Each structure stands twice: as C-alpha cells, then as structure tokens.
Amino acid sequence: MLEKQAWLHKKHDALRRALLAEPRGYADLCGAVLTEPISPGAHAGLLFMHNDGYSPLSGHAVIAATTIALERDLLMPGGDGRTIVYDTPAGIIRAVATRGGDRVERVAFVNLPSFVLAGGVVVKLGSRHVRADVAFGGAFFAIVDSEAAGVPIARSHLHELRRTGMAIKDAIEAARPVVHPLAAGHSGLHGTVFTGPPHGAGADLRGVTVFADSQIDPSPGGCGLAAVMAVVDAMGLLGGDRPFVQEGMLGTRFEARVVRRTTVGELEAIVPEISGEAWITGEHTFFLDDRDPLL
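Just so you know, we're using the numbering used here here: the sequence shown kicks off at 211 and counts up by one.
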C-alpha cells in the first residue's frame with residue numbers, strides 16, 4: 211500500500227490537488243481512494259489524502275468510506291454483510307457496519323495499537339511553557355490541553371488553533387526524534403490534538419486536530435482520538451465500564467473502547483475500537499481541463 215501511495219503521489223498528485231484545493235475543495239477537506247487489495251481476505255485497499263499530501267491512516271475517512279461503499283454497493287462485504295477489511299499504508303483495518311435497511315447507521319473499526327511515546331514534553335510558546343504528550347494512534351500526535359495553550363476549541367479561534375498547533379508540532383520535531391519503536395516508517399508528528407471540556411452532556415472531552423498544512427479536522431477524530439485515549443489511559447483515567455466519548459468542534463461525537471491491551475516494544479499500549487456515523491451529502495462529477503490555470 212505504501213508503493214501504491216508513492217505511485218499516486220508521483221503520477222497523479224494533480225488529482226489530489228484538483229479535488230481537495232479550491233475552487234473544487236477547501237483547505238480542510240480530506241480524500242480517500244479505494245484500490246485493489248493486496249492481502250488475502252481484504253476487500254479493498256484504502257489510501258488517504260489531505261491538503262499537504264497523504265496519511266498512513268484516517269479514522270474518520272474509514273468510517274465515511276465504509277458508509278459510502280456499503281450504501282452504494284461499491285464493495286461486497288464479508289459473509290455477515292457488515293464487515294469490510296481494508297489494506298492501508300498503516301496496516302490492515304477491519305470495519306464493521308451497523309445497518310438499518312439500506313442505511314449504514316454506524317461504523318466501528320479496530321485501530322492499531324496506540325501508546326504514549328513521550329509524556330510531558332515542554333514546548334515554549336511565546337511567554338507560555340506548554341506540556342504536550344506525544345502519542346501514537348495510527349500516526350503520531352502531540353496531545354495538548356487547549357486552556358494551557360491559551361486557545362479555545364471554537365470556530366471563532368480557527369486561526370489561532372492552526373497557528374499554535376503547527377508551532378507545537380514544529381517545536382517538538384525540532385527538539386526530539388519521533389519514531390515508532392517497531393516501524394521506522396511511522397516517524398514524525400502528524401499533527402497536534404487540542405483537548406478541552408465538552409460542550410454537551412455525555413462526552414468526556416472536546417478535541418480538535420491540526421495537521422498537514424495547518425489543516426483542521428472538524429470531526430471528533432479517529433487516529434487523534436486513539437492517541438488521546440492512550441494518554442488518558444496512561445494517566446489512569448480511562449474507565450473500562452463505558453465507552454470513551456470525544457466531541458468534535460461541530461458537536462458530533464465518536465465513541466471508543468479498549469478491545470485489548472498489548473505492548474509495542476517496551477511500551478504499554480491499548481488497541482481501541484472507534485465508532486461513528488457518516489452521511490452521504492452528494493455525488494459529484496468533476497471536470498479537469500489542462501487549460502485551467504488553477505490545476
């Protein structure tokens with residue numbers, strides 16, 4: 211899948227730019243591409259795109275792609291009619307849909323082992339000294355308390371979130387290596403997850419991810435949520451009696467639970483299952499013209 215991703219980048223990156231950037235897209239849009247599978251038992255490959263390139267994994271894209279694939283009969287699921295197994299650049303991901311007639315009501319997927327690589331990393335932001343936890347949830351993220359960073363998780367503060375999130379990411383990468391203990395291909399910070407108190411009852415945290423080229427993820431987060439769970443678990447605050455619920459900037463929610471515990475090298479890790487909802491908003495035909503100055 212990494213070879214497929216590299217081929218797409220080399221041969222057809224103009225397609226990513228055309229679909230995700232203005233005037234067809236916008237700065238915070240993500241994309242997913244279904245491919246032929248590479249593993250026995252997999253139904254499809256899945257590649258992930260953002261405003262600055264490609265991601266090894268995107269949790270909310272898995273939920274969206276599964277919803278589209280099943281509701282539009284793009285893929286034939288497993289014998290239960292609900293399960294799709296994807297090859298991704300990060301590894302094999304199994305997604306299971308809850309269906310109500312022709313509608314996919316919810317999708318759950320088991321993520322990669324998630325763990326804290328470094329806790330309490332100090333980052334200087336102007337006059338502030340902010341602590342960040344570096345955690346892996348399919349990619350590496352800096353997990354930061356939004357109040358400590360002085361930036362509310364609100365749409366009215368998008369500029370500050372983008373600027374501060376990238377400053378934290380750049381500062382940590384300049385100060386220390388960020389490399390997966392068992393997979394050197396997973397290296398570098400994918401972004402920063404700001405966390406804060408939820409706005410609605412029943413949620414545990416509110417979170418927003420800043421990644422790629424200052425891109426905002428308005429969803430509750432997939433990989434970022436897994437990284438947050440690893441941090442909360444390392445603090446001894448992750449209860450096992452109910453799902454962990456994270457609220458996104460738009461008020462939507464993902465639920466997560468620990469499927470099992472394991473280790474990654476010498477580090478304690480959790481294997482989370484993340485679930486959420488997606489809705490098809492349209493079917494589009496895009497026209498690409500070589501004469502278009504914006505392509």
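These aren't lab readings, by the way, just hints derived from the structure by calculation. Heads up, some of the hints might be wrong.
[Unchecked claim] Ranges of calculated distance between the beta carbons of each label pair, as one might list FRET restraints:
(1) Asp312 / Lys334: 27 to 35 Å
(2) Asp380 / Glu246: 31 to 39 Å
(3) Arg227 / Ala385: 40 to 48 Å
(4) Asp500 / Met286: 34 to 42 Å
(5) Lys334 / His222: 34 to 42 Å
(6) Gly330 / Val469: 36 to 44 Å
(7) Gly301 / Gly330: 22 to 30 Å
(8) Arg501 / Ala328: 12 to 20 Å
(9) Pro503 / Asp312: 40 to 48 Å
(10) Arg386 / Asp500: 26 to 34 Å
(11) Arg386 / Asp283: 29 to 37 Å
(12) Pro250 / Glu370: 46 to 54 Å
(13) Val469 / Thr245: 25 to 33 Å
(14) Leu212 / Gly360: 22 to 30 Å
Note that the structure is predicted; figures quoted are calculated from it, not measured. Using N, Cα and C, we set each Cβ at its ideal position, and we do this for glycine too.
Hint check results:
no.	hint	in the structure
1	Asp312 / Lys334: 27 to 35 Å	violated (53 Å)
2	Asp380 / Glu246: 31 to 39 Å	holds (37 Å)
3	Arg227 / Ala385: 40 to 48 Å	violated (32 Å)
4	Asp500 / Met286: 34 to 42 Å	holds (36 Å)
5	Lys334 / His222: 34 to 42 Å	holds (41 Å)
6	Gly330 / Val469: 36 to 44 Å	violated (27 Å)
7	Gly301 / Gly330: 22 to 30 Å	holds (29 Å)
8	Arg501 / Ala328: 12 to 20 Å	violated (50 Å)
9	Pro503 / Asp312: 40 to 48 Å	holds (42 Å)
10	Arg386 / Asp500: 26 to 34 Å	violated (45 Å)
11	Arg386 / Asp283: 29 to 37 Å	violated (47 Å)
12	Pro250 / Glu370: 46 to 54 Å	holds (48 Å)
13	Val469 / Thr245: 25 to 33 Å	holds (26 Å)
14	Leu212 / Gly360: 22 to 30 Å	violated (38 Å)
The earlier numbered hints that this structure contradicts are 1, 3, 6, 8, 10, 11 and 14.
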